[in-house]
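Listed below are the residues making up each chain.
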Amino acid sequence: MRTDLKIIEQWIKPGSHVLDLGCGDGTLLDYLQREKQATGFGLEINQDHITTCMGRGVSVIEQNLDTQGLGNFEDHTFDTVLMTQALQAVRRPDMVLDEMLRVGREGVVTFPNFAYWRLRWYLMRRGRMPESETLPYKWYNTPNIHLCTFKDFEALCYRKGFRILTRTVVDGEHQDRWLSRLWPNMLGQIAIYRITREDS
Amino acid sequence: MPDPLPTDSVGIVTPQTLHFDTPITLACSRTLESYDLVIETYGELNADASNAVLICHALSGHHHAAGYHSSEDRKPGWWDSCIGPGKPIDTNRFFVVSLNNLGGCHGSTGPGSTNPQTGQPYGPDFPVITVRDWVHSQALLADRLGIECWAAVVGGSLGGMQALQWSLDYPDRLRHAVVIASTPRLSAQNIAFNEVARQAITSDREFHAGRYYQYNTLPRRGLMLARMVGHITYLSDASMGEKFGRELRDQAYKFGYDAEFQVESYLRYQGERFSESFDANTYLLMTKALDYFDPAYEHDNDLAKALRGACCEFLVLSFSTDWRFTPARSEELVNAMISARCKVSYAEIDAPWGHDAFLIPTPRYTAIFQAYMDRIAREAGV
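Chains A and B, in that order, give the protein sequences. Take the first sequence: its letter number 89 is residue 89 in this note's numbering, and every next letter is one higher. With positions in the second sequence counted from 1, the corresponding number in this note's numbering is that position plus 200.
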C-alpha cells in the first residue's frame, strides 16, 4: 500500500464510517473495510476505477465533486472524510473543504506542496511553470488547477476556523524525512493534513 | 437458433410449471386459492444453495430469459445477452431462476387462466397484483426450490422494483439486489403514459370489459396502441433518429395518412405483433403494478426510512438517455440508501438507447455487471 495511505490508516478508528472523495481503485477503502471494519463509500468518476471498486466489494458512487458536490450527503454522516491528491484538481477547494467538514467530523487531505524547493528553483531558473515527478503536466493540460503551498492551505484553514489536528509532511515517495520536518514549506513535497472544525 | 450454438449460450431450455396449493393473500386483500408459476432455471444449484440468482422480469417479460426453446427459435430469451456461460450472470457458477410473474400471460396464473369458481377465464375478475405480491410469490417459489437466501436478486425496470422490494420485505433472504434502470416510484408523467395505454385498451370495442376471451376476440387495436406509446418511451430521441430518421418507405410524400415514414411502419408492426402475443388484461395489470409501486408510501413518504431495514448490498445502474426512468430517479434511490447507511454502488452508464439500454450489452455495462457478479460468485464460493 502507498505510504500516504499507511499514514492515513493510523488515523481511522475501528468501525468508522468513512467517505473517500476520489477513491481511485478503492485500495484504501478495501483495506479499511478489512482491517478496521470500516464502512462507507468512495466517490469516483474514473470508469475503470469504478469497475475495479465494484469488483472488490468497495461501495462506490459515480459522482463528480465539481458538478454535483456533496449535497446528497446529510450533515455529520461520516467519522472521517478523505481526499487524497484531489484538492488541487477541484474547481473550488475551499467549498469542498467546507462540505467535507459538514458531512464528516474529521477531514484528511493530502496535496502536493507548490512551494517545494525544487519547484521554486525550476520557476526561478527557467521562468516556466514547474514540472516534476509529482506534477508531470504542462500548464495547459494539467488537472491540477488549484495548486497551493502548505502555508496557503494553513491560511485557508485559519480563515475558515478549521483546526489542524495533525500535519505530516513527506517526500515524493511518501517518506517522512527529518529534513522536510525541519522546513516543511521549503523541503516537503506532499502534506497529509487531518482537520476538523474549530468548534467541534 | 444459430448453428453451431455459441459457447456462451445456455442452449435449449425447458420451462417447468410449479403448482401452489396454499392460498396466497394479496395486497388488495383478495386471495388466490391456488396458482401456477412457470419458471426456467439455468446452471446448477450448489450443495449449500448459496449460488442462486433470481431474475425478475419487466412489464412485458416472462420466464424465458436465456437460451432457446427449440432449434427452430429465431431469437433467444429476453436477457440472453447477460445470462449464460461466461456472461455477467455466469451459469457456470450461478443457479439462475427466472419466472413468469403472477398475472402474466406466459403460463403463470393470470387473467387469461380459468377461474376455478366460474370455469371461465378470470378476465377482469383477476385480482390486481402488486410488486409486493410478486415478491411474496417469489419467496414461496424460493421455499419450493430450497433456496433460503439468494446470492442476488436482479432486475431491470419493473424487475428492479422487485429486487428493491425483496430487500425490504425479506432482508435476510438475499445478499445482493441489482436494480437496473429502475425507480423508487413512478412520476406523474410515467403514470400518465400508463393511463394512455390503459385507455387505449379499455376503449377498444373488442375489449368487452375485459371478457374478450368469451367473445372469442382480442382488443388488438387497443393493445397495439398501448404498445406503440410504451415503445416510444423505451427508446430515446437519438436512437429513434439513428434507426429511422425521417426515412420514408417510398421515395416521395403521398399526402395521405398511411404509414409513410419508416418509424410509423416500425411502430405499427411492433404493436401488431405484440397485440397478437400479449394479453391485454395482463398489460393493464402490469401497468397498475408499476403505478402502485412506492415503498416509501408506508413510511411517511421517506424512502430512507423504508430502506432502514434492508441489509443486503445494492448495485444501482442507470442509463444516460433513459427518459422513462432517468438517472435522477436512480440517484434518488441511491441517496436514500446512503442516508439509510445501506451498502450501495452506483454508476450512470452512457448509452444511446434510452430505457431499453438495460437489455443491450455495452462495454462499460458488461464490465461493471461482470465485475459485480464475479464478486458475488466469489462470496458464494463458486
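Any given hint might turn out to be false.
As a list, the in silico DSS-like pairs of lysine-lysine whose alpha-carbon atoms are at most 27 Å apart [to be verified]: (1) K543/B <-> K36/A; (2) K6/A <-> K138/A; (3) K6/A <-> K443/B; (4) K454/B <-> K443/B; (5) K454/B <-> K275/B; (6) K488/B <-> K505/B; (7) K13/A <-> K36/A; (8) K443/B <-> K505/B; (9) K488/B <-> K13/A.
Every beta carbon over 12 Å from chain A, so not counted as near; a handful from chain B, in silico [said to hold, decoys possible]: (10) S271; (11) S281; (12) G286; (13) K443; (14) S545; (15) A567; (16) I568; (17) Q570.
By construction, these hints were calculated from the structure, which means they are not laboratory data. Backbone N, C-alpha and C define an ideal beta-carbon position, used for all residues, glycine too.
Legend entry - Hints violated by the structure (numbers, ascending): Hints 2, 3, 5, 8, 9, 14, 15, 16, 17 not satisfied by this model.
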